[in-house]
Amino acid sequence: MNNIILISVAVLGGLGLISAVILYFVASKFKVYEDPRIDEVEEALPSANCGGCGFPGCRAFAENAVRQAKNEKSLDGLFCPVGGNEVMQKVAAIVGLEIEEQDPMIAVVRCNGTVAHSPDKVNFEGATSCTFANALYSGEGGCQYGCLGLGDCVAACEFDAIHMNPETGLPFVNDKCTACGACVIACPRDIIELRKKGPRDKRIFVSCVNKEKGAPAKKNCEVACIGCGKCEKVCEFDAITITSFLAYIDFEKCKLCRKCVEVCPTSAIWEVNFKPRKPKAEKTVPLKKNEEDKMQNTVTQAIGIKGQSQTGSVNKEVVGSEHIKNKSEK
Amino acid sequence: MGFLKTFTLGGIHPPENKLSANKFIEVLPIPPQVMVPLGQNLGAPSKALVKRGDKVKAGQLIASGESFISANLHSPVSGTVFKLDNVVDASGYRRPAVIINVDGDKWEDGIDISDKLISDINLTAEEIIQKVKAAGIVGMGGATFPTHVKLMVPPGKKAEYLIINGVECEPYLTADHRLMLEKGPEIMVGIQLLMRALKVDKAIIGIENNKPDAIGHLTELAKSYAGISVQPVMVKYPQGGEKQLIKALLNREVPSTKLPIEVGCVVQNVGTAFAVYEAVQKNKPLIDRIITVTGKAVKKPSNFKVRIGTPLKFLIEAAEGLPENTGKIIGGGPMMGKALFSEDVPVVKGSSGILLMPVEESHRKEEGPCIRCSKCTEACPMGLEPFLLARAARASRYDMAEKERIMDCIECGSCQYTCPANIPLLDYLRLGKNKVGGLIRARHKK
Numbered sequence: 073m074n075n076i077i078l079i080s081v082a083v084l085g086g087l088g089l090i091s092a093v094i095l096y097f098v099a100s101k102f103k104v105y106e107d108p109r110i111d112e113v114e115e116a117l118p119s120a121n122c123g124g125c126g127f128p129g130c131r132a133f134a135e136n137a138v139r140q141a142k143n144e145k146s147l148d149g150l151f152c153p154v155g156g157n158e159v160m161q162k163v164a165a166i167v168g169l170e171i172e173e174q175d176p177m178i179a180v181v182r183c184n185g186t187v188a189h190s191p192d193k194v195n196f197e198g199a200t201s202c203t204f205a206n207a208l209y210s211g212e213g214g215c216q217y218g219c220l221g222l223g224d225c226v227a228a229c230e231f232d233a234i235h236m237n238p239e240t241g242l243p244f245v246n247d248k249c250t251a252c253g254a255c256v257i258a259c260p261r262d263i264i265e266l267r268k269k270g271p272r273d274k275r276i277f278v279s280c281v282n283k284e285k286g287a288p289a290k291k292n293c294e295v296a297c298i299g300c301g302k303c304e305k306v307c308e309f310d311a312i313t314i315t316s317f318l319a320y321i322d323f324e325k326c327k328l329c330r331k332c333v334e335v336c337p338t339s340a341i342w343e344v345n346f347k348p349r350k351p352k353a354e355k356t357v358p359l360k361k362n363e364e365d366k367m368q369n370t371v372t373q374a375i376g377i378k379g380q381s382q383t384g385s386v387n388k389e390v391v392g393s394e395h396i397k398n399k400s401e402k
Numbered sequence: 285m286g287f288l289k290t291f292t293l294g295g296i297h298p299p300e301n302k303l304s305a306n307k308f309i310e311v312l313p314i315p316p317q318v319m320v321p322l323g324q325n326l327g328a329p330s331k332a333l334v335k336r337g338d339k340v341k342a343g344q345l346i347a348s349g350e351s352f353i354s355a356n357l358h359s360p361v362s363g364t365v366f367k368l369d370n371v372v373d374a375s376g377y378r379r380p381a382v383i384i385n386v387d388g389d390k391w392e393d394g395i396d397i398s399d400k401l402i403s404d405i406n407l408t409a410e411e412i413i414q415k416v417k418a419a420g421i422v423g424m425g426g427a428t429f430p431t432h433v434k435l436m437v438p439p440g441k442k443a444e445y446l447i448i449n450g451v452e453c454e455p456y457l458t459a460d461h462r463l464m465l466e467k468g469p470e471i472m473v474g475i476q477l478l479m480r481a482l483k484v485d486k487a488i489i490g491i492e493n494n495k496p497d498a499i500g501h502l503t504e505l506a507k508s509y510a511g512i513s514v515q516p517v518m519v520k521y522p523q524g525g526e527k528q529l530i531k532a533l534l535n536r537e538v539p540s541t542k543l544p545i546e547v548g549c550v551v552q553n554v555g556t557a558f559a560v561y562e563a564v565q566k567n568k569p570l571i572d573r574i575i576t577v578t579g580k581a582v583k584k585p586s587n588f589k590v591r592i593g594t595p596l597k598f599l600i601e602a603a604e605g606l607p608e609n610t611g612k613i614i615g616g617g618p619m620m621g622k623a624l625f626s627e628d629v630p631v632v633k634g635s636s637g638i639l640l641m642p643v644e645e646s647h648r649k650e651e652g653p654c655i656r657c658s659k660c661t662e663a664c665p666m667g668l669e670p671f672l673l674a675r676a677a678r679a680s681r682y683d684m685a686e687k688e689r690i691m692d693c694i695e696c697g698s699c700q701y702t703c704p705a706n707i708p709l710l711d712y713l714r715l716g717k718n719k720v721g722g723l724i725r726a727r728h729k730k
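Protein sequences appear in the order of chains A and B.
Using the working numbering, you'd call the opening residue of the first sequence number 73 and step up by one each time.
Using the working numbering, you'd call the opening residue of the second sequence number 285 and step up by one each time.
Just so you know, the hints here were simulated from the structure itself, not pulled from any lab data.
Watch out, some of these pointers could steer you wrong.
Claimed, not checked - Under the rule of at most 30 Å between Cα atoms (straight-line distance), these lysine-lysine pairs were calculated in the DSSO-like manner:
(1) B:Lys597 to A:Lys290
(2) A:Lys290 to B:Lys649
(3) A:Lys327 to A:Lys248
(4) A:Lys193 to B:Lys622
(5) B:Lys612 to B:Lys719
(6) A:Lys302 to A:Lys325
(7) B:Lys507 to A:Lys285
(8) A:Lys162 to A:Lys274
(9) A:Lys290 to B:Lys331
(10) B:Lys335 to A:Lys291
(11) A:Lys285 to B:Lys729
(12) A:Lys302 to B:Lys622
(13) A:Lys193 to B:Lys339
(14) A:Lys290 to B:Lys612
(15) B:Lys719 to A:Lys283
(16) A:Lys283 to B:Lys580
(17) A:Lys283 to B:Lys400
(18) A:Lys269 to A:Lys283
(19) A:Lys283 to B:Lys729
(20) A:Lys285 to B:Lys339
(21) B:Lys649 to A:Lys193
(22) B:Lys400 to B:Lys507
(23) A:Lys193 to B:Lys729
(24) A:Lys283 to B:Lys507
(25) A:Lys283 to B:Lys331
(26) B:Lys400 to A:Lys193
(27) B:Lys341 to B:Lys390
(28) A:Lys193 to B:Lys612
(29) A:Lys291 to B:Lys612
(30) B:Lys719 to A:Lys193
All chains, please: the whole structure from these sequences, using the hints.
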């Protein structure tokens, strides 16, 4: 009886030993060398696997980073938007390179077609998908460039950073945004753009993507960019260009002087996270003050008229105006 | 009456509501201004040949179809080109159009606008196709596929049958029905022209059995024409789809993703046959069409003959106005039609009807959960599983949707009509088709 047990143990043990020896030699013969730094880089990355860097997951980014550092001695074009500069410094340290800091970015929703500014002309009932609605019709307010408000961007966000505001029907981005760009791809109308976060989160942008002439654009939405060119003229830094009746502010050139915000007749240009303006002192040129007054007037007037003409939607109007205020004073 | 022919897979029978079936076709006066959109056909939009201030006559070429799948466009009225601008189309998008201010009703030389029937055919197949192409004729059933492209049988294939679609399976619509009753002899000549163009000697007119007067009338006429026969079919939606009609009439099945020519058939609408007659025998390009204006609350449901480019509100006014409780204006029939963005939208070559739906019918019902009752699968005339495809599209599983043959969907809406849980199946199928189509095109580009 004992013999049987001993024999089995010996046979199995022997088999195991032989297999181990074979495996050892095979493993050393067919060993694939992998740079240990890949694992280190992967460890340093945030493991969000969001694809924001352009690679399918953090591992692929790590492999590419190490390969590029080895071959080209640089990390140009590689950036983890989720980890930001902090993580990139760590990555650079692992591969033994120095990198320049990049400006943090944030997703910006460039549409202000709230219920108040672009009243509903038709009613949409159907699949809650922007891609579907985009193929079907122009939008409840009638603007064929504006936000459809069905939340494809919200569904695409992995970081809980973009949500629909039920009052305005538009998405808003919060501080959790990592600028991975998933919402930019998800939006069928290219409304969302990655822009520089700016010093102390201050930024200025044109909150409209309507490429139509002034009259039809304004007919559908009172805060649409009408391509009048006032901002282009007033900008001292050549940051604003107008193509097909739409102004665009280059965030690399913009110096945040806020002059364009003042002259915009439809208040399509937004300033975010600035302190509220002081009432202009004597120093300022009177013309500018007038301009500002005019702008303020247009906003209040327009909202007032809307409030009167649309019975029962006064609440919405107030919400709409607060939305602007919050955005500019936050 | 024995068993009537029909297609075998799926199908539904919604209430027919053919309210305007006994209303004679009325010719509407020309409006003061018409808007002629440049993209009226399937495929590439036409290219404008006129500019602001140009004088045009009715029937004059104003835009030409440049690419292979594209059609010519003619001025529907005489007058002055007011401007070339974007106008709101049925979906609310602003697209390029020619806007013409009407001045009198002068016609281009050589167009015969009398009612005299010209039945002698002395043209070759090529000449007929050239004339059809010049007249800018597109499929009048609603898909607006350029007819001359359909008539050019690809090399290696042979057409055996010409099938004329007089089914009109959409509820409410009666435009084709009235056309068959009032323009029977002209349609017969048109069918002969199409037969000659396709070099076939057999033509079958398929008509649903709810139009016994049209069946009787055309059967009587067909006796004096060799090769043309009339076949009544059972009332079942979507029999007007070409694949379903071929199955019903000839019991032949068009393979997945293939065209009817694969089984030796070419399907044309009765409206197209009539347009071909006018183009070839009378030199009249496609500048007007017959439209049904209907709805349960409409005071005077009617069939109108109108010029292309007429704003729809003219037609609604002619039907004695918009009923008070209108919730939705649909361009086309209730099953496949599209809700219109505004009533200023112009009539285009593919408009077959305007349906004014009361508020209580126009809203969607609350969506419930899918319990896999398989009613949609039973209703699908293409043998698909709509619930599965919709689910795949909703979860962005486009690979799965493609594998389950989402591209075979004809968007007839039978699944959504029959769903007891009111799930917007068709919406998700359209979304999936849209995405999968894009993926397939991208793959071919590589």
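Do the hints match the structure? See the list:
1. In summary, the hint linking B:Lys597 to A:Lys290 is supported, as the alpha carbons are separated by about 24 Å, within the 30 Å threshold.
2. Simply put, A:Lys290 and B:Lys649 have alpha-carbon atoms about 34 Å apart, too far for the 30 Å limit, and the pair is violated.
3. A hinted pair counts as satisfied when its Cα atoms are at most 30 Å apart, and A:Lys327 with A:Lys248 qualifies at roughly 25 Å.
4. Using a Cα cut-off of 30 Å, the hinted pair A:Lys193 and B:Lys622 holds, with the two alpha carbons roughly 16 Å apart.
5. Among the hinted pairs, B:Lys612 with B:Lys719 is consistent with the structure: their alpha-carbon atoms are about 28 Å apart, no more than 30 Å.
6. Taking the CA atoms of A:Lys302 and A:Lys325, the gap is near 18 Å; set against the 30 Å cutoff, the hint holds.
7. For the suggested pair B:Lys507 and A:Lys285, the alpha carbons sit about 60 Å apart, so the restraint of at most 30 Å is broken.
8. In summary, the hint linking A:Lys162 to A:Lys274 is supported, as the alpha carbons are separated by about 27 Å, within the 30 Å threshold.
9. Annotation: proposed proximity of A:Lys290 to B:Lys331 holds, straight-line Cα distance about 28 Å (limit 30 Å).
10. Restraint check for B:Lys335 and A:Lys291: satisfied, since their Cα atoms lie roughly 26 Å apart, inside the 30 Å limit.
11. Between A:Lys285 and B:Lys729 the CA atoms are separated by roughly 34 Å; this puts the pair beyond 30 Å, and the hint is violated.
12. For the given pair, A:Lys302 sits about 41 Å from B:Lys622 by alpha-carbon distance, which is inconsistent with the 30 Å threshold.
13. Proposed proximity of A:Lys193 and B:Lys339 is contradicted: the alpha carbons are some 36 Å apart, above 30 Å.
14. At roughly 26 Å between alpha-carbon atoms, A:Lys290 and B:Lys612 fall within 30 Å of each other, so this suggested pair holds.
15. For the proposed pair B:Lys719 and A:Lys283, the alpha carbon gap of about 25 Å is at most 30 Å, so the pair holds.
16. Simply put, A:Lys283 and B:Lys580 have alpha-carbon atoms about 41 Å apart, too far for the 30 Å limit, and the pair is violated.
17. A C-alpha spacing of about 51 Å is found between A:Lys283 and B:Lys400, which places the hinted pair above 30 Å, so the restraint is violated.
18. Distance restraint check for A:Lys269 and A:Lys283: the Cα-Cα separation of roughly 25 Å lies within the 30 Å cut-off, and the hinted pair is therefore satisfied.
19. Among the hinted pairs, A:Lys283 with B:Lys729 is consistent with the structure: their alpha-carbon atoms are about 29 Å apart, no more than 30 Å.
20. At most 30 Å may separate the alpha-carbon atoms for a hinted pair to count; A:Lys285 and B:Lys339 meet this at roughly 27 Å.
21. The straight-line distance between the Cα atoms of B:Lys649 and A:Lys193 is roughly 21 Å, inside the 30 Å bound, and the hint therefore holds.
22. Between B:Lys400 and B:Lys507, the direct Cα distance comes to roughly 21 Å. Compliance with the 30 Å bound is thereby established for this hinted pair.
23. About 39 Å separates the Cα atoms of A:Lys193 and B:Lys729, which puts this hinted pair outside 30 Å; it is violated.
24. For the suggested pair A:Lys283 and B:Lys507, the alpha carbons sit about 59 Å apart, so the restraint of at most 30 Å is broken.
25. About 22 Å separates the Cα atoms of A:Lys283 and B:Lys331, which keeps this hinted pair within 30 Å; it holds.
26. Among the hinted pairs, B:Lys400 with A:Lys193 is inconsistent with the structure: their alpha-carbon atoms are about 47 Å apart, more than 30 Å.
27. With a CA separation close to 6 Å, the supplied pair B:Lys341 and B:Lys390 stays within the 30 Å bound.
28. Taking the CA atoms of A:Lys193 and B:Lys612, the gap is about 12 Å. The hint holds against a cut of 30 Å.
29. Taken as a hint, the A:Lys291 and B:Lys612 pair is honoured in the structure, with Cα atoms around 22 Å apart against an allowance of 30 Å.
30. For a cut-off of 30 Å, the pair hint linking B:Lys719 to A:Lys193 stands: about 28 Å separates their Cα positions.
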